Amino acid sequence: MTKLPATPRRSLRRLRLTGATGIAAAALVLAACGGGGGSSTDPAASAPAATSEVDTLKIANGVAIDTLDPAENAANESIWLDQNIYARLVQTDPTGTKIVPDLASSWETSDDGLTWTFKLNPDAKFADGTPVTASDAAWSINRAKDLEGGWGFLITPVTSITAADAQTVVIKLKTKHAPLLADLAMYAYGILPQKAVEADKDFFNKTPYGAGPFKVTKLEPDSNLVLTRNDSYWGPKPKISTVDVSIVTNDNTRVLQLQGGQVDVIENPPGNLVKQLQANPKLRVDLFPSTRVDFLQVPLKSKPFEDVRVRQAVKAALDLDAMNTLAYQGNAVPANTFFPYKMLYWAESIQAPKPDLDKAKQLLTEAGFPNGFKTDLITVSGDAAGQAQAVVIKDDLAKVGIDVTIQSYEQSTAYTNERSGTNGLGLRYWTNDIIDPDEVATFGADIKGGANTFSSYWGDEATTKAINDARSETDETKRAELYEQVQQTIADQAPFIPLAYAPFRYASGSWVNGFQVSPLGNYNDSLLSLTVGSH
Amino acid sequence: MRNLGLSWTRLANLVPVLFGITLVSFVLIRLVPGDPATQILGNRYTPEAAEQIRNSLGLNDSILTQYGIFLRSALTGSFGESYQYHRPVGEILVDRVGPSLLLVAVTAVLCTLISLPLGVLAAVKRGGAVDQGTRVFFTLGYALPAFLIGIVLILVFGLKLGWFPIGGYGTGLAGHLYHLVLPAVTLAIPFSTVLVRSLRASTITVLESDFVTIARLKGISGWSVLARHVLRNAIAPVAVVFGVNLAFLVGGTVVIENVFSIPGMGSLLVGAVATRDYPVVQAVSLVLAVFVLLVNVLTDVVHRLLDPRLSVAVTR
Chain U
1 MTKLPATPRR SLRRLRLTGA TGIAAAALVL AACGGGGGSS TDPAASAPAA TSEVDTLKIA
61 NGVAIDTLDP AENAANESIW LDQNIYARLV QTDPTGTKIV PDLASSWETS DDGLTWTFKL
121 NPDAKFADGT PVTASDAAWS INRAKDLEGG WGFLITPVTS ITAADAQTVV IKLKTKHAPL
181 LADLAMYAYG ILPQKAVEAD KDFFNKTPYG AGPFKVTKLE PDSNLVLTRN DSYWGPKPKI
241 STVDVSIVTN DNTRVLQLQG GQVDVIENPP GNLVKQLQAN PKLRVDLFPS TRVDFLQVPL
301 KSKPFEDVRV RQAVKAALDL DAMNTLAYQG NAVPANTFFP YKMLYWAESI QAPKPDLDKA
361 KQLLTEAGFP NGFKTDLITV SGDAAGQAQA VVIKDDLAKV GIDVTIQSYE QSTAYTNERS
421 GTNGLGLRYW TNDIIDPDEV ATFGADIKGG ANTFSSYWGD EATTKAINDA RSETDETKRA
481 ELYEQVQQTI ADQAPFIPLA YAPFRYASGS WVNGFQVSPL GNYNDSLLSL TVGSH
Chain A
1001 MRNLGLSWTR LANLVPVLFG ITLVSFVLIR LVPGDPATQI LGNRYTPEAA EQIRNSLGLN
1061 DSILTQYGIF LRSALTGSFG ESYQYHRPVG EILVDRVGPS LLLVAVTAVL CTLISLPLGV
1121 LAAVKRGGAV DQGTRVFFTL GYALPAFLIG IVLILVFGLK LGWFPIGGYG TGLAGHLYHL
1181 VLPAVTLAIP FSTVLVRSLR ASTITVLESD FVTIARLKGI SGWSVLARHV LRNAIAPVAV
1241 VFGVNLAFLV GGTVVIENVF SIPGMGSLLV GAVATRDYPV VQAVSLVLAV FVLLVNVLTD
1301 VVHRLLDPRL SVAVTR
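So the protein sequences, as listed, match chains U and A. End of the first sequence sits at 535 in the numbering used here; the numbers just go up one at a time, nothing left out. End of the second sequence sits at 1316 in the numbering used here; the numbers just go up one at a time, nothing left out.
Any given hint could turn out to be false.
Heads up, incomplete: computed chain U residues facing chain A, CB under 7 Å, no partners named [as the list claims (entries may be wrong)]:
1) D66
2) E72
3) A74
4) G149
5) N205
6) D222
7) T249
8) N250
9) L256
10) Q262
11) S412
12) T413
13) T416
14) G450
Hints in this document: simulated from the structure, not taken from any laboratory. This structure is a prediction, so every number in the text was calculated from the model and none was measured. Built from N, CA and C at the ideal position, the CB exists for glycine as well.
With the hints as extra help, turn the sequences into a complete structure.
Structure follows, in structure tokens:
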């Protein structure tokens, strides 16, 4: 029997960019943030004041709220808001590398690893004051698991979720499942008040609530969401009483609203306005490490790319540093594997590719294309970073005789064309929903995983086996070995080519103290201690 | 009714037009590559999951079957559920129609207030300061793209002077109107250009006609001639220009709603097309079509009210 104690949370350090030194600092802090255990709590780093001078934090998001039903959520911005409203059994810590208690204060596994028992915190209450019971929890997880097109596929080994008594949730598995805690920490498995949800089919369209630190008091999905402090919350009370989220889709308007002091924090300021924002001493631009991996999709079903030497030649010709400079002003990190940067089981030992034109030419000659060939590169129009990457790729590949035609489509069309596996190179990206790499490994490298290995249609049995073994392996060292093998194989076989680890970008007023985003994109932890000064 | 140009046949003719619009928007959005399943699944796309979603949304039925289902439910006032928002489309429309209509209404009022005096003054004092001034100002306004005017207005009146909010829609009618001032001015600048120029032109024509000369010879005062004889005649053709442009204005709100982050129909349509939210695209195109047709019919009615000669021509 293993019993896992509560782990103290540690806060991410804020990262402020100022010109060239800022970029160096960015790399350092990116490195610091992702690190494993150990205490990196730095009291000097923006310790929030004891009270908040201003009671409300105003955030401007670029994307409308699709729904606040956690099981149905698809838009990232809504998912990040969800996590302020609905508590889960367990949650990820702000570094995105550890699982810590949420509603469940402790949990145990049976010796065969097939039965998990979670003890709920007896103080936990929903925002309406009713206690959180084990049957609410079991019902909520079952609901999300059974939803068609939802997230049930992550926990397929789960055979039953039941309430043993008012405070005990029992989950039974048919095979050992190492990512279980990471899966349960996901937003989709938020615990809902069963009676209230069942009583009102419009529950999520009105003023939904759960057992999180905030509850919804106003919901206009396309323009405005107001979160109010949940006074029944059992944990530390947030210092601000209200979070006012407005939807401002136009990038320039969001920046202007921040400059005018109409909002406190804006999501994703456009890259070309970052300098202007930094020049204003009252504002700052923050970069937070993310789980985003940009990659070059390679059409393995079409002629030249079915040969592994051609794919390796493409990889050898690419200059990831130049791409980083042009697309992300140097604020990203060149990708060495397809696992998110510094996340669990990311293989640090694998080297990011460096441009080697001689090697690329030699590989092309061996493959029978000494003079190169013509191909297309599909990009998403309006994606400024992607367009910049495409320009570098075209330039790099021209040096080894590969003539690339860039084709821009709007997003939906671009992805449909890429997914056929025959329509030329494409630019895509991945983001993790859980901290465990099971999800990215299954989607990216397991041909039987359902996603055709990121639509490359590449696969080999050893890799599929390694991913399956890693899923049921509970020994961390052995899991690490298996995942390193998977990452190395993908690096060698190059069915797709990881390009960059891009950070999340936010801008905020200097009067905001303590806004932090975790690598999964959620910022609910920081809203507990954040303060807003008058301005 | 008849002498207002609203014959039953006229109204009956609108039915096939609406029918055609639903058919075209229904087929067009399905012909565009990319599909809702791609959007719903994002980077969790697997062919099996996509197939499952297409099945549950009924997208694997023949396009005729799908259209039949759409028509049947549309006739009962239901437009289905949005793929993206998981809410009935009707509810979303109710939320979104208000801001767009209010924006169009405020713009129309603003345009009338600007154009009427300026157009007449420019005609009366041809080549004078008002005539030259409006010509230069509005030509410039017409030549600049609306989003640029919007950003400049935000910069000056929102950021620098702080007189108006920087985007958003506010709460309560007063709040809405306050937030709509800048976007309405943005839309009104190019719109007024057309109105001022056409009002000026038609006023000049009327001013030069014989009955005006006779009225003047009879000793009626200048302003009285202008108000009772000239304007009444000059405004009728301008009303038609106004109606046609009002229909165009609905298209113009798409960009402006985005710049000023107003939760209206335009931004809803753009978002729905991008995410292949078929039910929303179909419903919004239908609502916009109904609006444009209504404006056209009303324009005719107003035109006939202003110019009774047209009604006489019809009844003959």
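We went through each hint and held it up to the structure:
At its closest, the beta carbon of D66 (chain U) sits 5 Å from a beta carbon of chain A; the interface hint therefore holds under the 7 Å criterion. At a threshold of 7 Å, the smallest CB-CB gap from E72 (chain U) to chain A is about 6 Å, leaving the interface hint in force. With a cut of 7 Å, the hint placing A74 (chain U) at the interface with chain A holds, because the nearest CB-to-CB distance is about 6 Å. Interface restraint check: G149 (chain U) against chain A, minimum CB-CB distance 5 Å, threshold 7 Å, status holds.
Checking N205 (chain U) against chain A: minimum C-beta separation of about 6 Å stays under 7 Å; hint holds. Because the closest C-beta pair between D222 (chain U) and chain A is about 4 Å apart, less than 7 Å, the hint holds. At its closest, the beta carbon of T249 (chain U) sits 6 Å from a beta carbon of chain A; the interface hint therefore holds under the 7 Å criterion. The closest approach between the C-beta of N250 (chain U) and any C-beta of chain A is roughly 5 Å, which is under the 7 Å cut-off, so the hint is satisfied.
A hinted interface residue such as L256 (chain U) counts as satisfied when its beta carbon comes closer than 7 Å to some beta carbon of chain A; here the least separation is about 5 Å, so the hint holds. Look at Q262 (chain U): its Cβ gets to within about 5 Å of chain A, closer than 7 Å, so that hint holds up. Residue-level restraint check for S412 (chain U) holds (minimum Cβ-Cβ distance to chain A is 3 Å; threshold 7 Å). Interface hint status for T413 (chain U): upheld, as the beta-carbon distance to the closest one in chain A is roughly 4 Å, under 7 Å.
Annotation: interface hint on T416 (chain U) holds; nearest CB of chain A at approximately 5 Å, less than 7 Å. A least Cβ separation of about 4 Å between G450 (chain U) and chain A falls short of the 7 Å threshold, and the interface hint therefore holds.
Hint violations for this structure: none, all hints satisfied.
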